[in-house]
Amino acid sequence: KQEVTQIPAALSVPEGENLVLNCSFTDSAIYNLQWFRQDPGKGLTSLLLIQSSQREQTSGRLNASLDKSSGRSTLYIAASQPGDSATYLCAVTLRGGGNKLTFGTGTQLKVEL
Amino acid sequence: DAGVIQSPRHEVTEMGQEVTLRCKPISGHNSLFWYRQTMMRGLELLIYFNNNVPIDDSGMPEDRFSAKMPNASFSTLKIQPSEPRDSAVYFCASTENYSNQPQHFGDGTRLSIL
Chain A
68 KQEVTQIPAA
78 LSVPEGENLV
88 LNCSFTDSAI
98 YNLQWFRQDP
108 GKGLTSLLLI
118 QSSQREQTSG
128 RLNASLDKSS
138 GRSTLYIAAS
148 QPGDSATYLC
158 AVTLRGGGNK
168 LTFGTGTQLK
178 VEL
Chain B
22 DAGVIQSPRH
32 EVTEMGQEVT
42 LRCKPISGHN
52 SLFWYRQTMM
62 RGLELLIYFN
72 NNVPIDDSGM
82 PEDRFSAKMP
92 NASFSTLKIQ
102 PSEPRDSAVY
112 FCASTENYSN
122 QPQHFGDGTR
132 LSIL
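Going down the list, the protein sequences come from chains A and B.
Residues 68 to 180 (the numbering used here) make up the first sequence, in order.
Residues 22 to 135 (the numbering used here) make up the second sequence, in order.
Relax, there's no trap hidden among the hints.
Incomplete in silico selection of chain A near chain B, CB under 8 Å:
no., residue
1, Lys-109
2, Gly-110
3, Leu-111
4, Ser-113
5, Gly-165
6, Lys-167
7, Thr-172
Think of the hints as simulated: they come from the structure by calculation, not from any bench.
C-beta atoms are modelled at their ideal positions from N, C-alpha and C, and glycine is treated no differently.
Starting from the given sequences, assemble the full structure and let the hints guide the process.
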């Protein structure tokens, strides 16, 4: 059974700092990996999707990398801002698993002024 | 462009009552998913549909839960009878019928069973 873990569970940083969120998964036979953001009382917003054949994806200040063989992904946020404060979740889709997403436990990020 | 629409946003009811959650996916999306989020278990997939057909319902907790998708623009998740342990936030998501497309989530229904 695929298990997805995120470390740290919570993180507090000063504004402007660069930071890295970590995601690990136990079954490397993934189809893709996605990073989501969740604001309090809201649904999830997809940030980046990395295909299993890709190594990284970038969108603005966000960069996600994927190392399938080691079962790891990182989300790099450059020059963090208070508006980045949210919970970040990673999720994987297994090969042959249809569109089923298995979610990680999430990292709660707070960017302070 | 309207996103995934869920109703109601909040529901408070007494145990034993029937609860119906509703979802309207994004127009043109062929896949629809129901998730449940709790502090203890995180986000869990309950069931998903492709082209209105249930594909995988292995996440549905028990027979008290049922889901339907009578057409491409509407789905329901029903709990009957409801129990306090069903209290959670229930999300609906949709995507185009490809595994390499991101899922788009609604804002969820916060369900409290007293």
